[in-house]
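Participant: Chains as they are written, first to last, in my numbering: chain A, 5 to 320; chain B, 5 to 320; chain C, 5 to 320; chain D, 5 to 320; chain E, 5 to 320; chain F, 5 to 320.
One thing to keep in mind: the hints can contain errors.
Each pair may be met inside one copy or between any two copies, as identical chains are not told apart.
The list that follows gives simulated cross-link-like pairs (lysine-lysine, DSSO-like), each with its CA atoms no further than 27 Å apart [as the list claims (entries may be wrong)]:
hint, residue 1, residue 2
1, Lys218, Lys244
2, Lys42, Lys70
3, Lys70, Lys39
4, Lys42, Lys130
5, Lys269, Lys42
These are calculated hints, taken from the structure and not from any lab test.
Number of protein chains: 6
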Amino acid sequence: MPIKNDHLKVFIGNSHPELGKEIVKYLGFEAGKIKLSKFTGGETYARILENVRGREAVVVQTGTDKVNDDLMELFIIVDALKRASAENITVALPHFPYARQEKKSASREPISARLVADLLTVAGVKRVITMDLHSDQIQGFFNVPFDHLTAMPILASYIKSKNLKDAVVVAPDTGRAKTAKKLGDRIGADLAILHKARPNQQEAEVLHVVGNVKGKTVIIVDDMIDTAGTATRGVEVLRKLGCNKDIYLVATHAIFSGPAVDRMKKADFKEVIVTDSVSVPKEKQFKGLKVLSVAELLGEAIKRNYENQSISSLFD
Amino acid sequence: MPIKNDHLKVFIGNSHPELGKEIVKYLGFEAGKIKLSKFTGGETYARILENVRGREAVVVQTGTDKVNDDLMELFIIVDALKRASAENITVALPHFPYARQEKKSASREPISARLVADLLTVAGVKRVITMDLHSDQIQGFFNVPFDHLTAMPILASYIKSKNLKDAVVVAPDTGRAKTAKKLGDRIGADLAILHKARPNQQEAEVLHVVGNVKGKTVIIVDDMIDTAGTATRGVEVLRKLGCNKDIYLVATHAIFSGPAVDRMKKADFKEVIVTDSVSVPKEKQFKGLKVLSVAELLGEAIKRNYENQSISSLFD
Amino acid sequence: MPIKNDHLKVFIGNSHPELGKEIVKYLGFEAGKIKLSKFTGGETYARILENVRGREAVVVQTGTDKVNDDLMELFIIVDALKRASAENITVALPHFPYARQEKKSASREPISARLVADLLTVAGVKRVITMDLHSDQIQGFFNVPFDHLTAMPILASYIKSKNLKDAVVVAPDTGRAKTAKKLGDRIGADLAILHKARPNQQEAEVLHVVGNVKGKTVIIVDDMIDTAGTATRGVEVLRKLGCNKDIYLVATHAIFSGPAVDRMKKADFKEVIVTDSVSVPKEKQFKGLKVLSVAELLGEAIKRNYENQSISSLFD
Amino acid sequence: MPIKNDHLKVFIGNSHPELGKEIVKYLGFEAGKIKLSKFTGGETYARILENVRGREAVVVQTGTDKVNDDLMELFIIVDALKRASAENITVALPHFPYARQEKKSASREPISARLVADLLTVAGVKRVITMDLHSDQIQGFFNVPFDHLTAMPILASYIKSKNLKDAVVVAPDTGRAKTAKKLGDRIGADLAILHKARPNQQEAEVLHVVGNVKGKTVIIVDDMIDTAGTATRGVEVLRKLGCNKDIYLVATHAIFSGPAVDRMKKADFKEVIVTDSVSVPKEKQFKGLKVLSVAELLGEAIKRNYENQSISSLFD
Amino acid sequence: MPIKNDHLKVFIGNSHPELGKEIVKYLGFEAGKIKLSKFTGGETYARILENVRGREAVVVQTGTDKVNDDLMELFIIVDALKRASAENITVALPHFPYARQEKKSASREPISARLVADLLTVAGVKRVITMDLHSDQIQGFFNVPFDHLTAMPILASYIKSKNLKDAVVVAPDTGRAKTAKKLGDRIGADLAILHKARPNQQEAEVLHVVGNVKGKTVIIVDDMIDTAGTATRGVEVLRKLGCNKDIYLVATHAIFSGPAVDRMKKADFKEVIVTDSVSVPKEKQFKGLKVLSVAELLGEAIKRNYENQSISSLFD
Amino acid sequence: MPIKNDHLKVFIGNSHPELGKEIVKYLGFEAGKIKLSKFTGGETYARILENVRGREAVVVQTGTDKVNDDLMELFIIVDALKRASAENITVALPHFPYARQEKKSASREPISARLVADLLTVAGVKRVITMDLHSDQIQGFFNVPFDHLTAMPILASYIKSKNLKDAVVVAPDTGRAKTAKKLGDRIGADLAILHKARPNQQEAEVLHVVGNVKGKTVIIVDDMIDTAGTATRGVEVLRKLGCNKDIYLVATHAIFSGPAVDRMKKADFKEVIVTDSVSVPKEKQFKGLKVLSVAELLGEAIKRNYENQSISSLFD
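Build the full structure now, drawing on both the sequences and the hints.
Facilitator: This is the structure in structure tokens:
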């Protein structure tokens with residue numbers, strides 16, 4: 005049932021207008037009027053073009069390869085909404101920026117994901133909706149309410165519809181073992197894990213596989229595909245170990261940066277399955293790429309938030 | 005070289021006095037004078053018994069099975085130090101309380117580890133020193149400087165001294181795969197992972213092993229041993245798969261709660277190797293238990309903090 | 005008139021379930037569904053079992069002799085409610101923990117009552133309802149709205165129904181003089197004050213009485229009965245000064261810790277009158293103990309808060 | 005020993021320049037250069053006239069009958085110091101403004117003392133030094149270090165030098181019973197308490213005395229003398245009860261507002277003993293008034309703070 | 005249309021009761037009941053005399069020549085409203101105090117306007133409504149929503165009704181050039197600027213005029229008239245340059261401090277046009293003074309805020 | 005005198021490495037070691053490569069035409085320094101980003117300069133050094149110490165060395181009148197102001213000049229040159245009014261975006277005088293452009309900050 009009154013307003017940032025439009029279409033109303041531009045000197049400008057006093061405001065933005073522009077634009081939109089007396093400001097941020105910099109892996113590194121959480125909060129964000137975080141713990145970087153959605157059911161349902169036999173879900177490294185297990189449990193597949201090892205100090209690091217893949221249909225799963233490096237290097241090793249010809253690559257966030265598209269074409273995946281949490285522009289699309297939409301899921305989460313209905317029950 | 009002046013003061017909480025004493029011994033001075041007690045009505049009382057104006061203060065506390073008392077006592081000591089004009093207040097908290105509640109695993113759960121971070125901060129803590137966190141991301145729950153030490157070198161060095169052949173490090177679940185890999189890389193052992201799976205919807209969940217353990221010396225590794233449930237159930241499965249008779253269990257934090265000690269005895273480990281980050285009282289000690297001390301590591305970290313020397317270089 | 009909609013939810017902590025149940029009974033609906041437990045390792049766990057998005061949430065908890073568990077459980081419930089998007093979180097905390105540690109009586113003490121205020125606030129509490137604070141000034145430890153109820157009318161009304169002649173209200177020390185005067189004014193009784201004095205430097209401290217008690221019916225009044233030490237020692241002195249045989253002891257909070265029950269029995273009070281702000285378990289009940297209920301008062305305060313009605317007018 | 009370097013700077017507000025000058029004289033250096041004025045439109049102006057980068061800055065101010073000007077001037081000086089990069093800003097505020105509005109005595113009142121604490125903190129104050137607060141609990145209104153001095157030893161020592169026989173210390177109301185007891189214990193005197201009572205509903209409120217004053221030398225003690233109403237009305241009652249002719253009035257803070265001076269003259273006190281925590285201008289001085297100086301006490305506290313020495317040991 | 009329900013409450017401070025009364029008259033209801041007084045000792049007291057739980061509260065106050073009293077009274081009222089559980093607290097503060105101290109013009113000055121913003125925020129203000137700020141940037145001193153109204157349309161409309169020929173708007177200094185231009189654009193007049201210059205180092209500073217005023221009707225415009233110094237000195241210079249006899253002085257805020265009234269009388273303005281944002285008492289009124297009311301503008305802004313309607317559209 | 009110890013560390017961001025190098029050269033030591041890069045996915049990475057515990061850290065960054073990258077990189081460097089236990093973190097930010105978005109010029113705009121202030125503060129910045137802000141009031145957007153330097157003496161001294169006769173300083177709009185006056189006072193020149201006006205509603209807006217420029221040498225002054233639109237359009241008008249052939253354009257910040265360089269070349273300025281607060285790359289340099297260095301000024305300010313010396317005295 006569409007939302008009829010004008011109390012909920014959804015504003016769409018520049019990072020992914022198509023997704024934003026699908027979301028408001030699902031919600032059944034027009035997007036909020038906003039002017040977004042860049043001055044010649046490089047500074048971002050935002051102006052809200054309609055009254056938002058006392059309204060619930062939602063901003064749809066995502067992390068792309070211009071992530072610093074995405075973030076600063078988001079902070080500035082939120083500042084404008086706050087000063088225009090919006091009652092509550094929610095950001096729907098399906099691909100959370102800097103999610104992989106969520107701990108110190110080496111001395112004197114930043115924890116940029118926590119920094120982003122603090123910057124969003126100080127700008128005036130009162131709620132965050134996001135999807136398939138690189139680490140669940142990022143929820144704890146915020147003290148505002150936080151809805152962590154997952155595209156796993158959408159991805160799993162699509163894979164199950166293929167009726168693959170003897171499937172094994174493969175994590176590209178030990179840090180992803182848990183994600184792989186989650187998908188494996190949903191589609192009833194075994195588990196295997198790629199990891200880098202060094203046979204001895206003198207030799208180069210090589211990719212190992214923990215678990216059995218021989219004669220199996222491999223589904224490599226990750227939260228995101230950035231340069232597709234590990235996954236495509238894994239393909240070689242897995243094939244040597246005698247897995248089936250058809251290999252699937254599955255992830256929520258399709259960053260596809262640098263050599264990613266070339267690598268995936270060359271790796272000859274049966275299918276690469278992602279969502280539209282990040283826009284995949286024409287020039288990055290290729291044969292065998294399947295993009296599933298999360299617009300309805302995001303729209304429904306926004307609606308349930310607005311109507312104070314349970315969101316967790318979406319995933320039961 | 006011991007610290008000579010009286011500018012650094014170390015106060016020892018009630019949760020682990022032995023460890024505190026070892027730390028100040030390493031540092032070469034006396035512990036700060038403090039009165040700690042409980043009123044008959046159950047309320048904790050603390051009073052600092054020497055002048056701390058402008059001093060650097062360190063409080064040594066850890067998370068035991070009376071964790072709520074440990075925490076409230078810690079908050080109260082910190083409040084007393086703050087109001088007594090201590091310049092900086094550091095907590096050395098080797099076993100971080102509520103570290104396993106660091107994300108929402110189910111809807112409407114708390115993130116208690118973040119809560120603890122906020123409570124410590126509001127009480128007046130300006131720096132945290134801890135060890136082998138259940139998740140590295142807990143660092144990001146704080147905005148104060150945070151030194152995350154690891155007992156891994158101490159544990160690995162002890163294991164390497166045994167010259168085990170054909171060793172395989174086993175993670176008790178997919179979430180620990182990364183920890184296991186870290187130990188494996190240090191001691192040059194293979195990797196395997198236990199995980200629970202359900203052959204089909206109608207059958208009960210059973211423990212599976214991903215990776216090859218046949219004929220190998222198994223080292224199960226975890227960040228902590230609480231009830232020892234998964235590890236001891238894993239022993240059965242691993243033995244069925246033909247691993248060597250000698251099985252080791254390794255972890256930093258020895259919680260040993262409920263049936264833990266009985267289970268470990270029954271599982272007939274060759275050795276259970278832990279540290280003294282938590283006190284292991286006499287009645288929980290058993291044959292085959294090895295407790296390695298982290299007091300020097302903590303003492304050195306406190307010293308380097310005080311003298312503005314690098315701590316990361318300790319682990320290079 | 006009971007509250008019909010499902011917008012107000014009351015969750016009951018483990019510290020005093022009987023009181024919680026009486027409160028929701030008065031309000032006319034069921035308590036909110038919540039799971040509360042302790043892990044074997046000693047950590048408290050809470051999970052809210054029903055949707056609370058946008059709801060007004062109230063948590064009923066009180067300070068018992070396991071006050072650190074009471075507080076940590078409360079913080080954790082509040083964190084869970086906050087992250088579950090409850091709109092406002094009120095704690096109904098009839099016996100405020102650490103209320104007696106509300107100032108520095110000696111150098112380098114904490115001010116634990118202020119600490120508790122800060123911990124509650126950082127956890128996410130937006131309103132506090134409490135009762136007969138040890139010091140009124142604790143209100144000023146909070147910046148969130150704070151309803152300070154008093155059981156004085158309930159206690160006074162019960163005493164007045166006895167039609168005592170020639171009554172004198174006695175404060176157990178000079179700090180309680182004001183409390184005694186309040187009760188005295190309500191029931192039309194004289195005032196006297198116990199205080200410790202030292203006749204001269206060489207002699208031991210003895211209890212003195214300021215004011216006239218000869219031939220009078222004594223009512224000793226305090227905000228709480230903890231170990232009952234001063235009150236029972238006072239009885240002796242008061243009897244020596246020729247007061248009537250029947251002596252009453254009145255207080256809001258029945259901590260009854262350590263030797264309290266034995267002392268009160270031995271002191272042979274005509275009646276000890278308290279409220280159920282803290283649970284008095286069977287084994288602490290004795291002949292001559294009268295427990296008056298504050299459940300209706302708390303329920304009514306919760307209701308008026310929810311309906312934006314005046315609470316002060318309850319006490320006019 | 006005077007402080008030699010130029011690292012500590014003391015700035016003197018307009019509320020009590022004489023006291024400020026005595027303090028810097030004790031410390032052995034010149035007051036910091038500052039311009040203080042009011043614009044014709046009523047706005048306060050402050051400018052620091054010397055470099056304070058990285059210096060410890062102390063501002064001496066007190067609460068007078070132009071308390072709002074005193075406070076705003078103080079906030080503005082602190083803001084100027086903060087923006088001029090002073091390292092730490094301490095206020096020495098012997099008479100704490102709005103100390104009597106430290107709780108809600110009636111519904112919908114402010115707690116102005118807590119408000120003052122928050123305003124000072126947000127302006128940039130990092131430490132407070134004050135004296136004989138109306139309530140000790142005001143310490144808990146702050147989270148910055150707070151030194152609560154007392155003039156009691158100065159006052160008691162002066163009184164003891166008179167060798168009064170059969171003295172009784174009288175509190176002007178039940179709320180001051182504790183203060184009176186403290187003085188009584190120091191000078192070895194009995195205790196009595198004035199309180200207002202209403203014989204029955206139809207009659208007017210009258211002053212009662214709890215305790216024995218007959219034939220005794222009365223010393224009425226309060227934290228401050230504002231209008232001197234209760235104390236002077238008490239004199240009448242006490243005389244009727246047969247106390248000695250010589251009555252003393254003792255307090256730390258000499259507000260002397262409205263009819264205070266006339267009332268005290270008329271009450272014919274033997275001596276009124278106060279301190280210079282507030283300035284007593286010529287026109288408010290009278291025969292029998294004794295003003296003891298707290299400048300050395302304040303100066304010593306500033307010095308010990310600066311040198312990280314214990315202040316509590318001043319009062320042992 | 006008047007606001008009918010009792011959900012919006014307007015409380016009137018002591019700084020400008022006439023304006024407050026006009027505002028509530030426009031809104032169509034009674035002012036909120038409040039007790040405001042000063043204790044004899046100089047401390048301000050406020051008590052809210054009606055239930056405000058969950059209500060929207062507005063406080064009307066302005067900056068007068070007793071600005072420190074105005075501000076402290078405002079903070080105290082806001083504290084009382086906050087503790088009385090008012091839902092939102094708005095201050096309508098037509099003449100913003102300390103607006104001219106909004107930057108550092110010399111080293112080690114305060115930025116008192118920012119300080120006032122922080123003090124208001126910490127006291128509990130959730131929204132500010134003000135008018136013709138000395139600098140627009142003061143909006144950025146706040147993070148709460150802020151409605152910056154302007155009396156320019158009211159002033160311009162009054163001036164236009166006079167049909168002045170050949171008018172030139174004159175800024176009293178370069179900092180006011182923009183303000184003058186705004187009025188000039190509204191009434192179709194030229195622009196000129198007064199500025200102080202020093203012909204050479206040896207001579208005294210003199211007032212110069214940039215722009216052509218010969219034969220023109222001069223309208224000097226400023227945001228406020230404080231001592232009227234520059235404006236009245238400008239009159240002399242402008243007349244020497246041959247402007248018309250009739251000179252107008254226009255400003256929003258009529259501070260009229262010190263010699264202002266005498267100067268304006270002597271300068272023989274045709275008319276001095278101000279608003280009632282500050283009260284102009286009888287003794288400061290003079291022939292040729294025109295006071296235009298901003299009560300309706302403020303009332304309408306309060307109403308639109310309450311009803312979540314656009315305020316900017318008021319000035320389109 | 006160079007700073008010898010290793011307690012002060014200067015880290016140089018990617019926005020202006022040349023300026024950073026000049027600054028550390030002036031200070032007499034090496035820049036701090038830092039790794040700065042961008043991941044292929046667009047995310048910025050920073051890692052501090054040397055121990056900074058307890059050190060004073062300064063980051064040199066400026067606002068370029070990639071201002072969002074400049075800012076996010078700055079926040080991330082600051083976060084890394086904070087977590088690496090740097091004692092104090094100063095940013096030297098000669099061209100302050102988003103300085104022109106420092107107020108709401110239209111409804112529902114952001115105040116991005118305040119937002120930047122808050123983002124910097126939450127990231128961990130403890131002091132800001134900047135130069136010739138678009139508005140002085142931006143100082144008040146911060147509560148951390150803030151050094152506002154000016155290149156005016158450097159620019160004025162260069163212009164004075166030319167001994168221009170009959171010079172007039174021209175502001176490009178009324179908002180810049182004050183800046184122009186400041187330069188005019190320094191070099192002993194008259195003042196004129198450009199402003200846009202509309203002769204009547206039907207005609208287009210045209211540029212007017214207030215003040216006399218005939219036969220004079222014009223110096224147009226602004227805080228920054230962005231697209232150079234107004235200044236170059238002004239040239240035409242000023243020439244029509246008969247100013248001298250030689251026209252100078254002076255500004256601190258050389259943004260030179262979009263058509264700026266072409267416009268300035270075409271306008272045929274005698275000289276365009278700027279500083280190196282922003283880098284002017286080769287391809288934007290042209291005949292007649294003079295770039296004066298502010299590296300020594302910034303270096304000296306950093307040095308004085310570190311040594312707690314007065315910075316304002318630099319400009320006396």
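Participant: Taking the hints in turn, state whether each one holds.
Facilitator: Status of the hints after comparison with the structure:
Taking the closest pair of Cα atoms, Lys218 and Lys244 come within 27 Å of each other both inside a single copy (9 Å) and across two copies (22 Å). In this assembly of identical chains, the alpha carbons of Lys42 and Lys70 lie at most 27 Å apart whether taken from the same copy (14 Å) or from different copies (11 Å). When the C-alpha separation of Lys70 and Lys39 is checked against a cutoff of 27 Å, the pair qualifies both within a copy, at 19 Å, and between copies, at 20 Å. Taking the shortest alpha-carbon separations for Lys42 and Lys130, only the intra-copy value of 26 Å comes in at or below 27 Å, while the best inter-copy value is 30 Å.
Only between protomers do Lys269 and Lys42 lie at most 27 Å apart by alpha-carbon distance; the minimum there is 25 Å, versus 36 Å within a single protomer.
Taken one by one, the earlier hints all hold for this structure without exception.
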